[in-house]
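Please put together the full structure from these sequences, using the hints given.
Residues per chain are reported as follows:
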Amino acid sequence: MSLKRNILDLRKRKQEVQLGGGEKAIEKQVAMGKKTARERIMSILDEDSFHEYDLFVEHTARDFDMDKKVLHGDGVIIGTGTIYNQPVCIYAQDFTVAGGSLGLMHARKITKIMDHALKMRVPLIGINDSGGARIQEGVNSLAGYGEIFYRNTKASGVIPQISVILGPCAGGAVYSPALTDFVFVVENISKMFITGPSVIKTVLGEEISMEELGGARVHSEITGNAHFYAESEDECFDQIKSLISFIPWNNTQKARKFPPQEPTSSLNIEEIVPSDPRRPYDIRDIIRAVTDSSEFFEIMEHFARNIVIGFGRLKGDTVGFVANQPKYLAGVLDCDSSDKAARFIRYCDAFNIPIVTLEDMPGYLPGVDQEHAGVIRHGAKLLYAYSEATVPKITVILRKAYGGGYIAMNSRHLGADFVFAWPTAEIAVMGPEGAANIVFRKEIAEAENPDEVRKQKIEEYKEKFANPYVAAAKGYIDEVIEPAETRSLLIHSLTLSDNKVDARPAKKHGIPPF
Amino acid sequence: MEESTPKYQTFVVNSAKYKTLYTKKFEMRTKWERPDMNEIRSYIPGTVLKLMVKTGQKVKEGECLLILEAMKMENKIEMPFDGKIKEIHVEEGVRIPKDVIMITIE
Chain A
1 MSLKRNILDL RKRKQEVQLG GGEKAIEKQV AMGKKTARER IMSILDEDSF HEYDLFVEHT
61 ARDFDMDKKV LHGDGVIIGT GTIYNQPVCI YAQDFTVAGG SLGLMHARKI TKIMDHALKM
121 RVPLIGINDS GGARIQEGVN SLAGYGEIFY RNTKASGVIP QISVILGPCA GGAVYSPALT
181 DFVFVVENIS KMFITGPSVI KTVLGEEISM EELGGARVHS EITGNAHFYA ESEDECFDQI
241 KSLISFIPWN NTQKARKFPP QEPTSSLNIE EIVPSDPRRP YDIRDIIRAV TDSSEFFEIM
301 EHFARNIVIG FGRLKGDTVG FVANQPKYLA GVLDCDSSDK AARFIRYCDA FNIPIVTLED
361 MPGYLPGVDQ EHAGVIRHGA KLLYAYSEAT VPKITVILRK AYGGGYIAMN SRHLGADFVF
421 AWPTAEIAVM GPEGAANIVF RKEIAEAENP DEVRKQKIEE YKEKFANPYV AAAKGYIDEV
481 IEPAETRSLL IHSLTLSDNK VDARPAKKHG IPPF
Chain E
1 MEESTPKYQT FVVNSAKYKT LYTKKFEMRT KWERPDMNEI RSYIPGTVLK LMVKTGQKVK
61 EGECLLILEA MKMENKIEMP FDGKIKEIHV EEGVRIPKDV IMITIE
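Protein chains in written order, with full-length UniProt numbering: chain A, 1 to 514; chain E, 1 to 106.
No lab work stands behind these hints: they were computed from the structure. Nothing here was measured: the structure is a model prediction, and the numbers come from that model. Treat the hints with care, as some may be off.
To be verified - Distance windows between CB atoms, simulated:
{"hint": "1", "chain 1": "E", "residue 1": "E27", "chain 2": "A", "residue 2": "E235", "range": "26 to 34 Å"}
{"hint": "2", "chain 1": "E", "residue 1": "R41", "chain 2": "A", "residue 2": "E479", "range": "54 to 62 Å"}
{"hint": "3", "chain 1": "E", "residue 1": "K86", "chain 2": "A", "residue 2": "S387", "range": "50 to 58 Å"}
{"hint": "4", "chain 1": "A", "residue 1": "D238", "chain 2": "E", "residue 2": "E27", "range": "26 to 34 Å"}
{"hint": "5", "chain 1": "E", "residue 1": "Y8", "chain 2": "A", "residue 2": "P512", "range": "34 to 42 Å"}
Said to hold, decoys possible - Derived lysine-lysine pairs resembling BS3-like cross-links, with alpha carbons at most 27 Å apart:
{"hint": "6", "chain 1": "E", "residue 1": "K86", "chain 2": "E", "residue 2": "K60"}
{"hint": "7", "chain 1": "A", "residue 1": "K154", "chain 2": "A", "residue 2": "K119"}
{"hint": "8", "chain 1": "A", "residue 1": "K464", "chain 2": "E", "residue 2": "K17"}
{"hint": "9", "chain 1": "A", "residue 1": "K455", "chain 2": "E", "residue 2": "K19"}
We treat Cβ as the ideally placed atom computed from N, Cα and C, and that holds for glycine.
Written out as structure tokens, the structure reads:
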């Protein structure tokens, strides 16, 4: 054969394998409103940047007549490419090939690209669309999952790991996404659960659809398994690219610097927060009033809405925002919001992203369900994450900073580098209403007109303690600032902490209250 | 998934009344009720394999009341204290969800 014929032969082989499960299976995939695995990779990566590895890998199963079956690429596409001209590793399960089921060689391909990503210190993007373990391959497919989980864990905090759920992801398969940093889901397409509706019906007699059990909305709103919710695959890919623009490529780097921009929000920062501490507003308006181009990339927007987390830029540099949201549940801390914020803080700390905390919260959510759900250990995660973090930590107290919540929200006492308070800040052991009821219990009870005395005592307490000056007098806050100074002080603080050194005792790892 | 015009509700924390929105999960939370020691409930969904007692029977603590098959295991449901069977709410062969009252005792 001449070289030319060799090349033609190669092209023919590639073409055949690249068709995955064949045209009929692709038609089915499209009919479900889904893109093919290859289209998905192309949509995420820079144009013409994809290099595929292991295209010609074949499965090794022999039982159940599997030796007579050809499964192109063994149901998964792996390779490298670039996003914004920076290299990434990627894999996409191909549902058109044996339902994207995971067998031994399928798993080997995934672990190969994972090892590659970790060694090269580049982000890993995994697109999940699989019916689950390939039953015909028995324990080999279980081994495959385990080897993926092991690598997810090993790479955690070293390289960014992104999971995209674009189809079913059931049984053991769900744990790989759960171990990664960010999980993306799409309406009507993503389905994640440990046991599916049919098993639940047989065992429990409970009838539920896949969507109601583990659809995109459920994981975005109820379980907190997903970080980003999109209406379509294209929207999801845009979200991935936005996220990637905010984070560093690995844990030894800083996020890419962008040209500094002034905020563009038309809202006046002095007019967003109502002076009555019991009135709500949207904390995201404050974030947008201080960030470059008033851009805020929110994470877990629909879960535990009483706390807001996400990325923005200050003078071109990425910062992570953690902010109480008075618009929902008055911005209280609870199990879910503590869990949500704590994990984000650890992400920021692992990847050298400074943390800005905006505080306005009345305390912890009262209730039997909260106590029994373990608000003590979940709440402790937040204390742990803030105390442990060595990245620059800045707190701005806007209004209420009461009790345990004041301590938890990156207080000076947990190691905050900068603590600023607006003149409207109320830093106290609890709100005036609650405090007056306890401190002046006797006076109120013995008064001829208890309601009037209570009102008077609340006012007294408010006057004396519901302000930033008691804490300022102790040096617990560094500066009482005017709201309009917030952005410039945040930028100043970041500049100042550029070379921050904060040593911790050497240890293998801590024991956070998982 | 964003609400239209927000309808703020009243929410009390430490005697202070706040205006805010409830989350779906907060609205869905279940109210706690003190468990009734006289109700033997299914702690796991399963099938009532065998009933070992009859209504009105006196039973000693630790004696088997019924066998509940769940997750491929035959679980013995035992009498929590000396007492009498007041009412049996299930039949043999019946599949029941979690937290169903199976037997009332006294």
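Hint by hint, here is what the structure shows:
A beta carbon spacing of about 28 Å between E/E27 and A/E235 agrees with the range 26 to 34 Å that was offered as a hint. For the hinted restraint 54 to 62 Å between E/R41 and A/E479, the CB-CB distance of approximately 58 Å keeps it satisfied. Distance hint check for E/K86 and A/S387: the Cβ-Cβ separation is about 54 Å, which falls inside the suggested range of 50 to 58 Å. Evaluation of the 26 to 34 Å hint for A/D238 and E/E27 yields a pass: the beta carbon distance comes to about 32 Å.
With their beta carbons about 35 Å apart, E/Y8 and A/P512 fall inside the hinted range of 34 to 42 Å. At roughly 14 Å between alpha-carbon atoms, E/K86 and E/K60 fall within 27 Å of each other, so this suggested pair holds. Taking the CA atoms of A/K154 and A/K119, the gap is near 11 Å; set against the 27 Å cutoff, the hint holds. This hinted pair checks out: A/K464 and E/K17 have alpha carbons roughly 20 Å apart, not beyond 27 Å.
Simply put, A/K455 and E/K19 have alpha-carbon atoms about 19 Å apart, close enough for the 27 Å limit, and the pair holds.
Every hint from the earlier list agrees with this structure, and none is contradicted.
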